[in-house]
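Protein chains: 2
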Amino acid sequence: MTSALHFLQLARQCEITELELLQRTSALVDTLGRLIHALQKERGLSTVYLTGRAAPTELAAQIKECEQLADTARAGFDDLSSPAQGARLFSRIAYVLQGLDALPALRERIQARQKTPETSAAALTKLVTGLLAVVFEAADGAADPNISRLLVALFHFMQGKELAGQERAAGVAAFGAGSEQRQQNWLHLIEAQERCFQVFAEFAPPTLLPQWRAEDAALERLRRVGCTSAANNESGADLRQTWFDVATSRMDALHAIETQLAAEVLYQCECRIAEARQPLPVADANADFFDSFPAPAASLGPQLNRSVLELVQDQSQRLQAMQAELETTRAALQERKLVERAKGLLMARRQFSEGEAHKLLRQTAMNQGRKLSEVAEAVLAMADLLPPAPH
Amino acid sequence: MTSALHFLQLARQCEITELELLQRTSALVDTLGRLIHALQKERGLSTVYLTGRAAPTELAAQIKECEQLADTARAGFDDLSSPAQGARLFSRIAYVLQGLDALPALRERIQARQKTPETSAAALTKLVTGLLAVVFEAADGAADPNISRLLVALFHFMQGKELAGQERAAGVAAFGAGSEQRQQNWLHLIEAQERCFQVFAEFAPPTLLPQWRAEDAALERLRRVGCTSAANNESGADLRQTWFDVATSRMDALHAIETQLAAEVLYQCECRIAEARQPLPVADANADFFDSFPAPAASLGPQLNRSVLELVQDQSQRLQAMQAELETTRAALQERKLVERAKGLLMARRQFSEGEAHKLLRQTAMNQGRKLSEVAEAVLAMADLLPPAPH
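Residue numbers (my numbering), protein chains in the order written: chain W, 1 to 391; chain V, 1 to 391.
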């Protein structure tokens, strides 16, 4: 017959196991951040190579870096091979491995200029999207509310940075040969990344925010030039390189913040594990279960003379409070998912741009005095009334 | 280097592990249902013993049955000692074990008539509440949407049945010596159990609903007599026994449905495990990751000629869809929790009865054309504006 104290300890052990799992997943997120950063640069350089007549030397060096980081990531995946990690994470990893395996063939075709700037960028974007889905699964499974908040901030930051990376490639293509469609696409990428960074700012630890600069004068000037027809002239080739350099230095700055955020996640995991490993206070006497009242103020110090029942109640309350906090974070995320899904629906069925869809939702919410998520829910509920997606 | 196929299999294995865990927890829920049923009867018989002059023979037999079922439950707890089960579940179990350990002392005091009908019932209610919290944790952790719905139905059914059990004891006490307070308490128990059974009806499989009869003429007649002052006469003692018998046969009927529902949960676990154990279709060629389009209609039969990439995408979609469904169930539960918390706040701060609090929330929602959960959220948000709880 197992005692209450045993199950109390088992509960502690569970917490530690979950946190250690989270620590390993977070280490993987850090690795994936580096791989994504390298692939983003490969995507930018591939676009430069395909747009102009640049020699592929810088690209070749970048591919080598990607290969090394991909090996580290594969090793990281292997470290996770424990069934406690969750089916969805493993499915996402299986998807990404397919992409990594197919990379050499893609690179050969880029090298042979058998790809356009757009199809090359789209292929690498597909892989990065898969990698971000792995990060999302890792973030979604966190059982500690603080770490969960950090991972939500990190995931949105990484997504915003990915959109910034797509913007880099889109800008290179637009400076090469601007068209209204390329410029529209560029504007959309700017808007979408701003929304991701908003979520980051909402969930990130305040200490990290001062390092985060949303604005960059040189970048903004080039954006203005590139997104207006003024760029469609001979200076395009010069501006293309300037844009690539400015956008690259921005990507590096974003990567530095991302790395710090990932380090913060790992640090928080360590702290929480250390806390959970604190020995249980000594429990000497059993308070009577049926007659017990809330524990008196511990005038003898919190470590002394506490009954098992008090310990059980403390721990239970703490775990419940953590769960409630976690649900708040998840609800906030859930709201965002609703809004994203409603926007996607409007984009597919009404041929709205993402910006237009967002504006419509926000306007409707303001007019009706309702929350954005409520309007999104209403849009999804009336999906059947919208015209079908064109083919 | 581990292949995509390996991670695909790992994802499958994860699902199976989670389902087997769920199966073991569900078996425990079944055991706990039986123990709770026996404790509920012990509570009723204890009240009969303390209210009248009945000899304790029937009570003694019931205590024996409780002891046996408690041993089975303890063995069931021991079966769970794997850290994958979750910290909150183990904390709840630790709490319950304290209660089971303290039972013999409580029974001695009841035997010696050192307890009133109310304090005796309250003590056993405390233990049953702890046991229901274990069931709740088991229900909350389910990773499969169908099983999660069943467990939500089962949990609410068990909670409703527990309120019906409290009603049995309350009725015995009220027929012994009716007072306005006892009658108020009785009415509250009727109303609260009806709300639980509503949730059950919402989440239960339709096949089970025909067996579920909300009304019972004999019970309703006794409720009417007992809840009005008409019962305060010499016929009280006779009616007490009649009430106890009618309420007990109702409890037994509820228990039969509960047992069927628990069996259904176990059956669904088995089905899902069998499904997840189906071998993966043979994957012969790799579709190209970067050029692949959605899989063509499988004219060769679904088991033939499918690429690993297709398998990965199918599995991933299935898992995501399951997750979305699960979130819908959780959101529905979350809404109910909000409403319960708001009601609790109104009861504590405004001295409303549960019925009054519920009526106020519903009325406000109707007047404002808002969802009940939105009104509950608003109430919780303005908690600081309500008068503090009296002491």
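Everything labelled a hint here was simulated from the structure, so no lab data went into it. Since the model is a prediction, treat every value here as computed from it, not as a measurement. It is possible that part of the hints are untrue.
[To be verified] Cross-link-like lysine-lysine pairs, in silico, DSSO-like; alpha carbons within 30 Å at most:
id, chain 1, residue 1, chain 2, residue 2
1, W, Lys337, W, Lys359
2, V, Lys337, V, Lys371
3, V, Lys126, V, Lys64
4, V, Lys359, V, Lys371
5, W, Lys371, V, Lys126
6, W, Lys64, W, Lys337
7, V, Lys64, W, Lys371
8, W, Lys371, W, Lys337
9, W, Lys359, V, Lys359
10, W, Lys371, W, Lys359
11, V, Lys337, W, Lys337
12, W, Lys64, W, Lys126
13, W, Lys64, W, Lys359
14, W, Lys371, V, Lys337
15, V, Lys64, V, Lys359
16, V, Lys126, V, Lys359
17, V, Lys359, V, Lys337
18, W, Lys337, V, Lys126
Hints, one by one, checked against the model:
A distance of roughly 16 Å separates the Cα atoms of lysine 337 (chain W) and lysine 359 (chain W); the hinted pair therefore holds under the 30 Å criterion. With a C-alpha separation of about 14 Å, the suggested pairing of lysine 337 (chain V) with lysine 371 (chain V) holds against the 30 Å cut-off. Simply put, lysine 126 (chain V) and lysine 64 (chain V) have alpha-carbon atoms about 20 Å apart, close enough for the 30 Å limit, and the pair holds. A C-alpha spacing of about 14 Å is found between lysine 359 (chain V) and lysine 371 (chain V), which places the hinted pair at or below 30 Å, so the restraint holds.
For the suggested pair lysine 371 (chain W) and lysine 126 (chain V), the alpha carbons sit about 40 Å apart, so the restraint of at most 30 Å is broken. A C-alpha spacing of about 36 Å is found between lysine 64 (chain W) and lysine 337 (chain W), which places the hinted pair above 30 Å, so the restraint is violated. Restraint check: the Cα-Cα separation between lysine 64 (chain V) and lysine 371 (chain W) comes to about 57 Å, which exceeds 30 Å; the hinted pair is violated. The hinted pair formed by lysine 371 (chain W) and lysine 337 (chain W) meets the criterion: a straight-line CA distance of about 14 Å does not exceed 30 Å.
Straight-line distance between C-alpha atoms of lysine 359 (chain W) and lysine 359 (chain V) comes to about 38 Å, which puts the hinted pair past the 30 Å bound. A threshold of 30 Å between alpha carbons decides the hint, and for lysine 371 (chain W) with lysine 359 (chain W) the separation of about 14 Å falls inside it, so the pair holds. Between lysine 337 (chain V) and lysine 337 (chain W), the direct Cα distance comes to roughly 22 Å. Compliance with the 30 Å bound is thereby established for this hinted pair. A hinted pair counts as satisfied when its Cα atoms are at most 30 Å apart, and lysine 64 (chain W) with lysine 126 (chain W) qualifies at roughly 20 Å.
A threshold of 30 Å between alpha carbons decides the hint, and for lysine 64 (chain W) with lysine 359 (chain W) the separation of about 43 Å lies outside it, so the pair is violated. Between lysine 371 (chain W) and lysine 337 (chain V) the alpha-carbon distance is near 21 Å, which keeps this suggested pair within the 30 Å criterion. Proximity of lysine 64 (chain V) to lysine 359 (chain V) is assessed by CA-CA distance (about 43 Å); at most 30 Å being required, the pair is judged violated. Taking the CA atoms of lysine 126 (chain V) and lysine 359 (chain V), the gap is about 27 Å. The hint holds against a cut of 30 Å.
At roughly 16 Å between alpha-carbon atoms, lysine 359 (chain V) and lysine 337 (chain V) fall within 30 Å of each other, so this suggested pair holds. Pair hint lysine 337 (chain W) plus lysine 126 (chain V) does not hold up; C-alpha atoms about 40 Å apart against a cutoff of 30 Å.
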